[in-house]
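Colleague: Top to bottom, those sequences are chains P and B. Numbered by the numbering used here, the letters in the first sequence go through residues 1 to 381 in order. Numbered by the numbering used here, the letters in the second sequence go through residues 1001 to 1702 in order.
What the hints contain is simulated information worked out from the structure, not anything from laboratory work. Every residue, glycine too, gets a C-beta built ideally from N, C-alpha and C. Wrong hints could be hidden among the right ones.
Said to hold, decoys possible - Below, a list of computed lysine-lysine pairs in the DSSO-like style, where the Cα atoms sit at most 30 angstroms apart:
#1 P:LYS268 with B:LYS1225
#2 B:LYS1448 with B:LYS1557
#3 B:LYS1448 with B:LYS1478
#4 B:LYS1624 with P:LYS2
As the list claims (entries may be wrong) - Here are a few chain P residues that face chain B, going by a calculated C-beta distance under 8 angstroms:
#5 ALA35
#6 GLY128
#7 LEU150
#8 SER153
#9 LYS157
#10 PRO230
#11 GLU232
#12 THR279
#13 ALA287
#14 ARG288
#15 MET290
#16 PRO295
#17 LYS301
#18 ARG303
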Amino acid sequence: MKSDVVIVGAGSVGLPLAYYLAKRGLKVVVLEKEASWGRGQNRAAIGGIRATHSDRAKIRIAQESLAIVPELETVHGFHVEWKRGGYLFVAYDETRENAFRELLSVQKAAGLGIDWIDGASVAELVPGIRREGLRGGTWSPGDGSASPLLVASAFYKLALDAGVDFRFGEAVTGFDREGRRALRARTALDVYEADRFVNAAGADASRVAELLGETLPVHPDSHEAGVTEPVESFLGPMVVDIIPDAESGNYYYYQIASGQIVFCITPKPQAWGTDCRSTSSFLPLVARRMIELQPRLANVKVRRTWRGLYPMTPDGLPVVGYSRGAENVLIAAGMCGQGFMLGPGLGKILAEETLGGAGEYGFIFEELSPYRAFEGMELLK
Amino acid sequence: MNRITEHPILSPAEGRVEARFSFDGKPASGYEGEPISSALAAMGVARFSSHAKDGAPQGIFCANGQCSQCALVVDGVALKSCVTPLRSGMDVRSVEGLPPLPVADAPRALSKPRRLSCEVLVIGGGPSGLAATVELAKLGLSVVLADDKADLGGKLVLQTHKFFGSEADCYAGTRGIDIARKLSDEARALPGVTVLANSPVVGLYADRAAGVLADYREYILVDFKAVLVAAGARERSVLFPGNDLPGVYGAGAFQTLVNRDLVKSSKRVLVLGSGNVGLIAAYHALQAGIEVAGIVEILPQVNGYKVHADKIVRAGVPVYLNATVVEVEGAGRVERATVAEVDEKRRPVLSTARTYEVDTVLVAAGLSPCDEFLRQAEAFGIPAVAAGDAEEIAEASSAMFGGRIAALSLAKLLGRKVELDESWVAKREVLRSRPGDTVPREPVIPEKGTWKPVFHCVQEIPCDPCTTVCPTHSISLKPVRGSIMDLPRYSGKDCRGCNACVAACPGLAVSLVKGLDGGMAEVVLPFEFPAPFAPGSKLSLLDREGAPLGEGELAKKVFNRKYKTWLLTVAAPSEIAVRAIGVRVQSEEATRSLPAARFARLPDEAIVCRCERVTVGEIVRFIKEYRIRDANQLKSLRVGMGACGSKTCAPLLPQVFRQAGVDPAEVAGLTLRPLSIEVPLGTFAGAASGIAALPAGKDGTK
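Isolated chain B (complex conformation) (with noise of 0.2 angstroms):
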């Protein structure tokens, strides 16, 4: 079984019971209650069912309840299996070509949809929504807060790294996981608020209803005055040859499985994108022991925080800048995946061609956002607004102040008087700036007998925990910009080496060092893996870009509980300790590509379409011929008219459109619809899902 037992940073719920099921008439296991795909994907599966346009292998692709490629027949009811818990006892079969409508004829007890009644509707329940909620309840509105995850915080609940930004305002080094309990909290406590969790908004509409999947059971429609779209972003989908095959996903359905479900659910991937999500799902995959390939960034530069990137290289994952997936190909699953270098106009240059055994493809390349909902209540003339991801793709310290003025911007629109603090937006500029200068920084030798803390951060990024957490102040931030992009220093006295800066760094870039005897020191370096290293041991030293210094010795080693660290304090020459940061966690094996590159398919056979299988090459050829200025008119290739509503797809079309030598500019819009996601016919006339005739509790009834 492909379950994660072993993590720095997690531990599997206890308790959890075994549930025994059949998969394709062959006995299989997993957990009762987690999704039907996990436990799948725990055995190994990655290609669930054929899809009946052409046979191609399905299986997880967004692992959020959007998409429907994960539908499997449960029960003999074709349902999407990563929102379908699994129980023992159930019957999981593969769809082969169009799932069967069940036979099932008994008249049923119908009944019409619960209404709940509320001022403002958030949609979603991240960071910007909850912190938004918060706002709006304290101004004394109604709120009703649906998000599709049982647990609140969005994103935020998968991410096991230290967050950036500010302390005092955000939570900065504290784990994701933890950011969204707090907020969650907070939230849940406050009078006015409904919260309906694990519940997916399915439709706006005009008469100020909207549809929600309560616990993906009932459909409750939630009358409202105004609606808040906090609904986040998802992965862009990048167009290369295989792009389609099971084992090709988002970062986001990647750390669900890996984080939210323990399922390990890759052996090794490749990371297409440098950006902090690219770069924190590859520390992510190591963590999970899963191993990195690599991550391949078309720009000459990386895209997130450089202190990120420097973790993730220090581990052994080398960045390929210039470079891009030429195809992934495999059989029924992603088995390769082969790199190129690009040329000035961003095109692959084959000659450099490389192939990687990986098993996954992490799709990483930019983040589009779900603005769906606001774009469909703007059409409807519903007062929206949006924050968060879903109105500009930035960090989740960002997303709290975004939702905050969100809040009060709605509030405004409802006719209340409200004072917004300037602070916030001032904040809020900050958290949500890129990356500023690199200040290369020396270090020097420390003296004999005396801790002091050197700095491998270098670039500029919203961040002060260092300085907070320091018992005696003696962190500051040197003032050049006068706010918390600046970079720390040390005021040169009063450390006692208690090492809360090297535990509280959320890019692990604060090591202590103190000078020994005889050109010695000792330095405490922070590490987020598992650390099965005995005192005595010698481990490999390296810089802060991984470059190898030498060894040292390890002296002791302390699991800081708090900020779920291990500190490591390594006895080295001087020269080393103080420009040692890192120990590698991968071997240089797990990186090698094949000694020739394989690959195949031309790029026109990428697939925009995931849905109804459309190609790059399909769709230029249309346009063409058909003289498209319309991207509703792509709808004659099915484009958009599958299952997941042109989410993957929409993002994709003006650079086809381009590609076509169309200009996007010139080209109408695909028309928005209820639904969002798929619903059964009979949720909205209350008639339970599955066959009735089925004994209570085999169902999927309560």
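Isolated chain P, as found in the complex (with noise of 0.2 angstroms):
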């Protein structure tokens, strides 16, 4: 059986992707190793989406998104959760005030809503925020959230609709090429032959390309996350400390529109791998962090904790562009823990490239290319 596109991947990219080349009239078929849709980086993403990037590709890609998100909603009558809640980044010294500053002329020039606020307003968005040696914080009301998971459900159903072929619990084993073409997807199911080959395979996209002989740097970390009970609405913004210490990197925090704490940290020193078991230390250093940033958190009852991966490029920016080897083989992953805020906007963007309509996106694919230098770091990582 021959389709025009075969997507590997069933999660925060793959699954819009899918979903807006159907709807072009594309015969798509995505293979997923898992028993279902978005149940490998998507499911432990904890649902922020903001434009509010540093560099040009992701906040064009992230924009797409944000317009796309609330659509789901008000367009197509799915329930996703979506909030417009903001990003505030705190600022507790000089060299984070400094940083955000420098930044804030890129993302204006962007056209992001986006400004400096002084610390008695940040402490009218976070109540009780701690004010001893709170400068202020970059805050950019545009930005908001939604719940994965649904999300993951309304492109997956909307895709269903659209004839997508789904197939779950299969794993691709090889290609089978001809030249620098890829003919046909195995897995050990089945056989799917298709014009074109997307690898959306989040943290499992460096094995997939090296089944085609590529080397991809896209190597996972991982991070724990948690999630309270709802409390009555107090929290508007998405919280992020970029300030590490001893033992951790950044973390950040928002309420979700069902009135959950959603919670997440980085670890230090990272831990690399693919380990998502939960270890005991998350909890009291997460715990630490927020009731020292918010002292009234402490009341707040932990329900659940998770561990997802961020499939990391050396740069902290995605991979987004045709192989090499293999030239009908699109590559749209290492998205740095932001598959679930880039993917919609991504999908969106590449199933207009497939279809040839994409020129206005050049930048992004100089930006994103599988064969960039990588150099340097992003700072709000």
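Now that you have both chains on their own, put them together as the hints suggest.
Modeller: Structure, rendered in structure tokens:
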């Protein structure tokens, strides 16, 4: 059986892409190694969607996402817990303040609604936040959040209704090639022939690329996250504190539309690898940092924790572009923990590109090329 | 106040101090230190709060710290009221909608969790966990035993009845509460054992550490090499409309209220399920002065021990076989339950529906193992074994041997050289047996002037106390199977009429009879209810299965202190005396149905996920529409996303998938993650719970 596009991965990127391709009349097959959709990194995402990045490509893609996700509710009638709560990066030292202020020029140039606010304004947004040393922060009220689970299910349903053929529990085990083209993807159960293939396999993308003889600089590290009981609404924005301490890097939390607080922290040292088992160090660490910042959080009850992967690249930016070894294979991977917020926009843009109409997005493919130099590290990772 | 003041077995603790508090601004009163939920139940409050989703009434469900359905705002902080001790002066309020997070913005003193270290962490201090702990400690392994209750013994501490099994091996004939004490004392006395009571394990982590909520206040990390999961079992929920109303709960929750906290939480109950758990819960209700409208069993036969069932039926409780609950309804709490017979496919036949006025429905239609920590350990690659009900649902007697055997297999996993005592395996096999054959017995009229025991025990179950308590060794088991499953028999001589067998029989199925003049006889009957009758009064005597035999005259009554059992000596015609084994306890009035059945709702409205209030109908539609083959996707409906962590809904999901036309074997299961119960964020960082600005003692701190 032959299709137009075979997508490897029914996750944050693969699901919207499958939908947008099928909506345009393409015959799409999605191969997913997990038992159902969104069970890789999507299920572990905490739901933030912001356009306030530090580079043009991600800003552009995320701006698309910020337009698409609310429409899942207003146009398509899904409930995805969309909330435009904004993002707030807090600064307690000069280094952070200067860095944020420097970024503002890039962000404003990209047309983002973001600005510096003072400590009193921060305290209005985050009631009870520690005022001692608080210099202020950057505030982007247009950013928001949604449930990764519900967004994934919405795109899955849209894709299903648009005729996408999902094959769950099927890991790609190899490709048949002819010269510089991939002809067929193989799984333990079947063979899938297509004109084009997309590697949207998230943390598994390097393995899939290796099946084509390519090396992708995508290596996952893991982060633990948690969710509390729901409480009455008291917190609007996603609060991000990027000041590292002895045991951790940045951490962030927000109150989702249902009233629960979702939180996540970057451990120090970073935990490289694909181990997603919970550890005993997470809760004491994240609890200390959150309560030091906002003491009233001490009384909210933690319900569940989990650990998910950030498919990282050396410079913190995604890898998007066609493979040189197999020219009909599109790579859309290495989302560095932002697949959920980039996926809808990227899916839409890639669908247009696949159909030859994405000239205006040329800069994205340049910036995110799999063959770029991978220098530097994005500040707001 | 709905307090149990008179109980044949239990007596209220002495020196309880009244605690005056306020509930929703009104004066209220309970006892210092008892769970807030029990104080409210004693005040007759069933509806504690309203669910944020739809305003549905919320109240006691698990009574066990697991489900959060009894949440109340206590001094400004939302807490699980079933594990929050009542203190004088507390301000207790309903949660209407979502609870507010109290404003408490002063910086807090924080600290890292204390760490304990051991070789084996035992989760659960019931019969299997305690037996395992003893065995592990004897092998020289260091053990931390964590249990979520203040008193060790698991469900034994709620069991006021005498246990079956072997007297020599597992305390048969002793009441559960007393067995618990013996096992607990033995385990606590051993070196190398650290007991964390009142301290639920809340998470297992891959780095071989467990988070324990010590005394429900302090988060401790316990480092271990292996874990033994003896966390018991919980009642499976059952799908019927109204299954979410306050007043529908498991037998365990009921026993907690009634037998632990001595709260008369119900006036009349209906029991769903005739296994030993349901039968015993009905018996405990009667002992607490609570009426039992009946026991409903979907199978064509009683599922528990026949001696248990006979005992309940004799007390005046009907068992309805081939029947099920169609609906439960009421305004804010259970007021009525409708029962109907089922057809050969176990579907209710609505034309047979009958409605009973009850305020409680006890769900005892099967247990699910609390094996989450075992599965979590397996998923994380932690060496682990299960014991007791967490391994296999069976009697406490079997769990004791199961615990010992599990301890040895865990020791082996840890590289210890151990020899398994094969006799344990054999004994456990017998103790976990389902009942065997039923053998009819025809009583023989005794000779004049001599005592002889009459056995009303006709079904083979693992039990032998009558043989071991007889001082003249004149009772033995008739060797058919060659195990304690065999039925007892009397040698025909040497009975001194000491009544030991009558008092010890856990099934209350032994009487002593002596012939008198003129075709009369005296019979000694065991009785475990308040016995207000005076010598000379007429008693209506019942046979084994509750059929009335006629009257007898009470000659004397003696209370056997060791077994806490009344021994009633009754004079009656010989024909009656040899058949008599019971005295009716409950009037027929309690078991009458309404003149016409009353039910309205559709089966699709039964709740599967209580925490998030998701119905069968919603889930079935979603499974079909989204072609679901992974239970995790039901989280889109919020199934399993609630406070209880899918403990209630997960066991129901196979049934729901089947209803949607999907073979549950094709469905990927729910992923398990810490935590197993909700814990305040501050607890992980060593912050005292509550609002820091309150004076000491009022904020829940020590």
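Colleague: Would you pick out the hints that fail for this structure and give their numbers low to high?
Modeller: none
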